[in-house]
Structures are given as C-alpha cells and as structure tokens.
Amino acid sequence: MSIQVSAAPTDTASLTTAEGRAAYLARLLELAQSAGNPTGWLSALRQQAAAHVQEQTFPTTRDEEWRFTDLSELLKIELVQPEATPLSLDIAGFCLPEAAGSRLVFVDGVYAPELSAVDDGPAHLVVGNLVNLLKTHPDQIDQIQPYLGQQMGSEEVFTALNTSGLTDAAVVLVPKNSAIETPIHLLFVATGQTPALLQPRCLLVAAPNSQLTVVEDYVTLGKGTYFTNSVTEIAVQENAQVTHIRLQRESLAAVHIGKTAVSQARTARYISTAISLGAKLSRHNLEIYQTGEQTETTLNGLTVLRDEQLGDTHSTLALSKPYGTSRQVHKCIVDDRAHAVFNGKVFVPKAAQLTDAGQLSRTLLLSPKARVDTKPQLEIVADNVKCTHGATVGQLETDEIFYLQSRGIDATTARRLLVYAFAYEIISQVPIASLRPILANQVLPAQA
Amino acid sequence: MIIENSPVILSVKNLTATVDETLILKGMNLEIRAGEIHAIMGPNGSGKSTFSKVLAGHPDYKVTGGEVMYLGQNLLDLEPEDRARSGIFLAFQYPLEIPGVSNLDFLRVAYNSKRKHEGLEELDAFDFDELIQQKLDVVKMDTSFLNRSVNEGFSGGEKKRNEILQMALLDPKLAILDETDSGLDIDALKIVANGVNQLSRADNAMLVITHYQRLLEYIVPDYVHVMANGRIIRTGSKDLALELEERGYDWVLDEEAVAS
Chain A
152 MSIQVSAAPT
162 DTASLTTAEG
172 RAAYLARLLE
182 LAQSAGNPTG
192 WLSALRQQAA
202 AHVQEQTFPT
212 TRDEEWRFTD
222 LSELLKIELV
232 QPEATPLSLD
242 IAGFCLPEAA
252 GSRLVFVDGV
262 YAPELSAVDD
272 GPAHLVVGNL
282 VNLLKTHPDQ
292 IDQIQPYLGQ
302 QMGSEEVFTA
312 LNTSGLTDAA
322 VVLVPKNSAI
332 ETPIHLLFVA
342 TGQTPALLQP
352 RCLLVAAPNS
362 QLTVVEDYVT
372 LGKGTYFTNS
382 VTEIAVQENA
392 QVTHIRLQRE
402 SLAAVHIGKT
412 AVSQARTARY
422 ISTAISLGAK
432 LSRHNLEIYQ
442 TGEQTETTLN
452 GLTVLRDEQL
462 GDTHSTLALS
472 KPYGTSRQVH
482 KCIVDDRAHA
492 VFNGKVFVPK
502 AAQLTDAGQL
512 SRTLLLSPKA
522 RVDTKPQLEI
532 VADNVKCTHG
542 ATVGQLETDE
552 IFYLQSRGID
562 ATTARRLLVY
572 AFAYEIISQV
582 PIASLRPILA
592 NQVLPAQA
Chain B
517 MIIENSPVIL
527 SVKNLTATVD
537 ETLILKGMNL
547 EIRAGEIHAI
557 MGPNGSGKST
567 FSKVLAGHPD
577 YKVTGGEVMY
587 LGQNLLDLEP
597 EDRARSGIFL
607 AFQYPLEIPG
617 VSNLDFLRVA
627 YNSKRKHEGL
637 EELDAFDFDE
647 LIQQKLDVVK
657 MDTSFLNRSV
667 NEGFSGGEKK
677 RNEILQMALL
687 DPKLAILDET
697 DSGLDIDALK
707 IVANGVNQLS
717 RADNAMLVIT
727 HYQRLLEYIV
737 PDYVHVMANG
747 RIIRTGSKDL
757 ALELEERGYD
767 WVLDEEAVAS
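Going line by line, the protein sequences match chains A and B. With this note's numbering as the guide, the letters of the first sequence map in order to residues 152 to 599. With this note's numbering as the guide, the letters of the second sequence map in order to residues 517 to 776.
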C-alpha cells in the first residue's frame with residue numbers, strides 16, 4: 152500500500168508563515184524602490200520611508216488594525232513593475248465635463264500629459280505633476296517639501312511603502328484668499344494589463360482663506376489583477392475649505408489600499424465624500440488631524456459590495472483643540488457573500504473641550520450571507536463635549552417592498568429603488584452633477 | 517350609490533387567513549358591486565387591516581381557505597403588483613418614506629407600469645407633468661410636493677393626501693382606504709374625503725376601513741359592516757355607523773354571541 156501525499160505549492164504555503172510574509176513585504180519594498188531615480192531631498196525622503204517599512208511586519212488579522220481584513224488576497228498576487236502604457240487610451244467615459252480643463256491623468260502610476268487637460272486657471276493656482284512642477288515652479292518647493300510625506304501617520308507600513316517609491320505625484324496648491332470654482336479632477340487609470348504595483352500619490356495644500364473642490368478618482372480600463380497603494384495628503388490651512396470626493400472604482404480583481412491624511416488648521420473646513428465600489432479587497436484609511444481650534448469636519452462614506460468583495464474603511468478623527476465639530480455618516484450596502492468593515496475612531500483629548508462630534512454607521516444587508524463588522528471607537532478624555540455615535544444594520548423590509556408593489560411596481564424594481572434611496576443620502580452630497588447619475592447606476596443591483 | 521344589477525367587482529367567500537400562523541380572518545364574506553361605497557368598522561384586532569392587506573397581496577398574510585374573485589378572476593393568483601395594475605388600490609395606514617426618490621418620478625413609474633399592463637404607451641415626462649397637475653387639484657396639493665422625496669418629511673396629513681393623489685392618478689376599480697382618517701385634523705380629513713368623493717363613480721367601488729364614524733359623515737357609505745373576531749357580524753346602512761358611535765361595539769358583539 153502506498154500513500155500519496157500531494158504537497159501544496161511551496162509558494163502558497165510559504166505565504167502563511169511569518170517568513171513568507173516578510174519575504175513578500177521585502178519584495179514590495181524592492182519593487183517600490185526600483186521605481187524612478189530621484190535625487191536630493193526626495194531621495195532622502197524615500198530612504199527614510201524605506202527604513203520605516205523595514206522596521207515593520209506585513210499586517211495579519213492578528214493585528215488589531217487588520218482584525219477583519221485578511222490580506223491573503225494580496226499575498227497571492229505576484230506583483231511586477233507596471234509596463235509602459237499604450238499611447239492612446241479611451242478614457243472619455245471617466246472625464247467630467249465640470250473639470251474639462253482641470254484634469255490630471257495618471258496611467259498605471261505614470262503622468263499622462265496627453266490625457267490631462269490643465270487650462271490656465273486663476274493666477275497662482277498650481278495644478279500639475281510633481282516632476283514637472285519642480286522644474287517649472289522651483290519657487291513652489293516650500294509649498295511642497297514641508298508637506299509631502301510629512302503628515303502624521305506617514306510611518307504606517309503601506310503609507311511608508313508608497314513614500315519609499317515616491318517618483319511623481321499629483322500636486323494642487325491653492326493660493327491664499329482664492330475660491331476656485333472649477334473642480335480639479337485627479338484621475339488614476341489602471342490598465343490592468345499586468346499584475347502591477349501602482350502607487351498613486353496626491354498632495355493638496357489649501358492656503359489660508361482659500362476654497363477648492365477636488366475629485367480623486369481611481370478607475371480601471373480592464374478586469375485585471377493589480378495592487379493600488381495610494382496616499383493622499385491634504386493640508387487645509389487657516390480658514391480654508393476643501394471639498395474632497397474620493398471614488399474607488401477599481402477592477403473587481405484588484406487590491407486597493409488607500410490613505411487619506413488631512414490636517415485642519417484653525418477654522419478650516421474639510422468635507423469628504425468617499426465612495427468605494429470596486430476592488431476584490433479594499434481598505435481606506437481616512438485620518439483627520441486637527442491642528443487648530445473651531446474646525447468643521449464632514450465625512451460621508453458609502454461602500455457598495457457584492458460577490459465576494461471585502462471593503463474596509465478605517466477612519467480616525469484626532470482632535471486636539473477646542474470647539475471642533477464633526478459629522479460622519481458611513482453607509483454600506485452588502486450583497487451576496489461580501490463583507491464590509493467599518494471602524495470609526497474619534498479621539499477627544501483633554502485639550503479638545505467643547506467638541507461636538509457625531510458618528511453614524513448604517514448598513515444594508517441584501518443577502519443572508521452578507522456580513523458587516525462595524526465598530527465605533529471613541530476615546531474621550533475632555534469632560535465638556537458632545538459626542539454621539541450610532542450603528543444600524545438592517546435589511547430591506549417586506550413592508551417597504553410591498554408598498555411599492557401595491558403601486559404596480561414589480562418586486563425587482565422596488566428593491567432597486569429602495570437600495571438607491573439608501574445610497575442617495577451619500578451620493579447627493581457629491582457636488583459634481585455629472586457624477587451623481589453615474590454613481591447611482593453603479594450602486595444599483597443588477598436587473599434580474 | 518347602489519345600482520341595481522351593477523357588475524360585481526369583488527366577491528369574498530369564506531375567506532380565512534393567518535399571520536405568523538395565527539388565524540386572523542375566520543370566514544369573511546363580502547360582495548361589492550360597481551358604484552358602491554362600503555365601510556368596515558370594528559374594534560381593534562378584529563381583522564380589518566388584515567383583510568385590506570390580504571386583498572392587496574401582502575406576503576406576510578397567508579390565505580388558508582375560501583376565495584376572492586375580482587372582476588371575474590381569482591385575485592389570490594395575482595402578485596401584488598399585478599393586483600395594483602388591474603385596478604386594486606390600497607391607501608396605507610402608514611405610508612412609507614422613500615428618500616432620494618422624487619414623488620414625481622415615483623408617480624410616473626407607478627402610472628406607467630399600469631399603462632404598460634393595459635397595453636398603452638408609456639407617458640413621457642412632459643405629458644405626465646400635464647396629467648399630474650390636474651390630479652393635484654383633487655387633494656389640493658401644491659406642485660412643490662412633486663419635487664420632494666416620497667413622503668419624506670411629510671406631515672401625517674400630507675402623507676394621507678399623497679395616498680389619495682396616487683389613487684387619483686391610478687384611477688382604481690376598487691379602492692381600499694385603510695384608516696386613512698386616523699391622525700387627521702378636520703381640515704385634512706375634509707380634503708381627503710372630498711378627494712375620495714370626487715373619485716367615486718358608477719363604475720368603481722370603495723372599501724373604507726375606519727375606527728371612527730367621523731369619516732363617514734364626509735364619505736357616505738351605502739353599506740356599513742361590523743367586523744369582529746375575523747369576520748363580518750353585522751351589516752347595515754349608514755345609520756349603523758351612527759348607532760355604533762353612540763352605543764359602542766359591545767351591544768353588537770353581545771347580540772352576535774346570543775345568536776350563535
């Protein structure tokens with residue numbers, strides 16, 4: 152008698168061990184560092200970040216921050232450097248008429264001037280890619296260098312990984328005392344032609360008393376597997392206002408890990424609407440750091456998941472001064488066997504008296520196998536504050552569907568209408584009219 | 517109005533139904549002919565609302581026996597949306613709020629699904645707008661209602677008026693009003709009742725379910741039925757409603773107990 156034992160491929164087996172994960176992280180770092188050939192301060196910044204990566208381990212579900220989000224899906228991808236991209240790509244479907252002359256396009260991480268369109272805007276508004284700006288606007292270096300890679304939390308492993316390969320970035324510098332009417336569209340296109348490591352980077356500095364709307368948009372042209380690891384840093388200076396729309400519409404085979412780190416100076420307003428629709432596995436780390444008093448923060452979130460998607464949002468609101476106000480609403484629509492994760496931290500230390508912080512997490516489960524893990528995490532030391540939080544998890548009610556049926560609307564259409572109604576609270580916050588119907592369509596479950 | 521030998525719109529025979537396996541309807545019998553207005557009154561828990569939900573086809577209510585014929589066809593075979601398209605309308609006691617869906621879009625979708633069912637062409641936004649403007653008059657509603665989300669932020673009275681607006685638009689053969697009067701002040705009640713009266717014709721019928729005689733001063737029924745314990749125990753003219761208002765339900769229930 153002979154017993155045959157079939158060994159699992161060593162590659163896969165090794166991924167479940169600490170050594171396997173360490174090797175994967177080393178490979179990621181190696182890939183990141185081989186991108187571009189920077190010199191000077193940028194090179195120093197990258198090396199410093201690489202050192203941060205080397206000090207850390209690849210996250211697993213044993214880490215509290217990654218408890219519900221298993222990155223095995225990422226470990227399965229044998230990543231490569233992105234290839235040179237074809238010259239002509241059809242991205243018309245992603246262009247916004249509202250931002251026809253204020254669009255920066257990056258294809259597989261590389262700036263695509265032929266697809267971008269930057270008209271002469273108001274004087275001193277700077278919109279461009281880092282590599283060119285350092286040549287054309289050398290005087291702006293003091294608006295860039297002090298902010299790039301300098302936000303709190305930048306040593307976190309994936310953020311540091313991005314910085315360790317920082318070659319180019321979308322840069323928006325809003326001049327003092329100017330309200331920019333035209334929204335800026337930062338479009339990151341993944342071709343999905345190879346399992347590439349893509350590391351988009353954005354920097355937005357809104358000078359005192361300025362006002363701007365920016366759309367940060369991750370899209371794909373294919374159905375390919377790849378890994379986007381993005382970092383966006385936003386500095387909202389004194390009494391400035393930034394309206395930030397973040398759309399994650401990656402390929403359903405992709406992995407997306409994105410960081411948004413925002414600092415808000417005195418009386419600054421930051422309004423975010425983050426919508427996650429794509430990727431097999433996605434994680435959005437949204438971090439707000441208050442550096443002055445009387446700030447206003449609005450965070451709208453919507454995650455729509457189906458099949459076996461996993462979508463995770465971890466938000467952190469770190470207050471440190473008095474009179475801060477925040478309103479956060481995070482909604483998830485989860486179908487099939489998908490899994491949503493929401494973790495909302497709010498820190499209110501002793502110094503942040505008279506803070507008024509509200510957080511609401513609402514989930515709609517459309518299938519019995521759909522799952523959500525939602526957790527508010529409030530750490531309040533100050534004693535004169537108003538902090539509320541709430542979480543609801545529900546399904547479409549029979550009564551709601553019946554009401555529509557009793558008006559002659561069939562059950563499938565009724566369900567779609569009700570899902571749309573649930574998502575509308577967030578979609579309606581997107582101030583770009585042409586985007587709202589597109590998003591509404593992507594949110595709706597397929598016609599039966 | 518009672519019209520001799522007018523066609524039968526609804527015929528209910530020995531209907532029994534359960535909710536969560538509890539028997540609620542225990543042998544309902546009712547015949548409604550074209551032109552007639554019927555009122556069903558009765559104490560709480562008598563099965564009035566259950567009866568309306570069963571007729572409209574709510575999936576939580578299971579029919580366990582008897583038959584319901586509507587315009588000559590077996591109503592119980594039809595999905596709720598097909599009942600609606602065939603002319604059954606239920607005005608809800610608690611109308612649902614649908615944020616993000618404008619009242620105008622909702623009404624147009626509902627109206628067009630009925631048109632489609634009747635083999636008619638769907639109305640475009642322009643033609644529909646013209647139609648709905650006429651219907652707004654029925655319930656004295658302002659055009660601004662159309663642009664608001666369905667029932668969202670509506671007062672109780674506005675929600676009920678919106679139900680009657682939908683009814684005016686869908687032009688049902690059989691309208692069932694489930695406690696449409698509850699929670700209305702007298703002005704709103706008059707508007708709602710006046711709307712219903714405008715829609716009452718010789719070729720359709722109304723079934724008005726109510727706790728209170730008050731509504732029946734404005735919508736005058738041809739028949740008043742008293743429902744108790746899952747069936748109709750007494751039927752009379754509109755005077756029965758007045759008697760119930762004066763004497764309560766106990767005497768009807770007692771007489772019924774003696775009779776059986």
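If you're looking for bench data, these hints aren't it; they were derived computationally from the structure. Treat the hints with care, as some may be off.
[Stated by the list, open to error] Here chain A is said to cover these stretches of chain B; the calculated rule only asks that three of the stretch's residues, wherever they fall, bring their Cβ under 8 Å from a Cβ of chain A:
{"no.": "1", "segment": "549-561"}
{"no.": "2", "segment": "570-580"}
{"no.": "3", "segment": "603-611"}
{"no.": "4", "segment": "615-626"}
{"no.": "5", "segment": "629-637"}
[To be verified] To give an idea of the interface, some chain B residues facing chain A are shown, with a C-beta separation under 10 Å as derived from the structure:
{"no.": "6", "residue": "R599"}
{"no.": "7", "residue": "A641"}
{"no.": "8", "residue": "L647"}
{"no.": "9", "residue": "L662"}
{"no.": "10", "residue": "S665"}
{"no.": "11", "residue": "E674"}
{"no.": "12", "residue": "Q682"}
Ideal placement from N, C-alpha and C gives every residue a C-beta, glycine not left out.
A quick look at each hint next to the structure:
Residue count for the segment 549-561 of chain B with a Cβ under 8 Å from a Cβ of chain A: 0. That is fewer than the three needed, and the coverage hint is violated. Coverage of the segment 570-580 of chain B by chain A holds. Counting CB-CB distances below 8 Å, 5 residues qualify, and the rule asks for three or more. Counting residues of the segment 603-611 of chain B whose C-beta lies closer than 8 Å to any C-beta of chain A gives 4; at least three are required, and the coverage claim holds. Coverage of the segment 615-626 of chain B by chain A holds. Counting CB-CB distances below 8 Å, 6 residues qualify, and the rule asks for three or more.
Under the rule that three or more residues need a Cβ within less than 8 Å of chain A, the assignment of the segment 629-637 of chain B holds, with 3 such residues. Residue-level restraint check for B:R599 holds (minimum Cβ-Cβ distance to chain A is 8 Å; threshold 10 Å). Given hint, B:A641 at the interface with chain A, is violated; its Cβ is 15 Å from that chain's nearest Cβ, farther than 10 Å. Given the 10 Å rule on beta carbons, the hint for B:L647 is violated: about 16 Å separates it from the nearest Cβ of chain A.
Residue-level restraint check for B:L662 is violated (minimum Cβ-Cβ distance to chain A is 15 Å; threshold 10 Å). Evaluation of the B:S665 hint against chain A yields a held restraint, the C-beta minimum of about 8 Å falling below 10 Å. Hint on B:E674 is violated. Least Cβ distance to chain A is approximately 16 Å, over the 10 Å limit. Checking B:Q682 against chain A by beta carbon gives a least distance of about 6 Å; that is within 10 Å, so the hint holds.
Going down the numbered hints, you'll see the structure goes against 1, 7, 8, 9 and 11, while the others check out.
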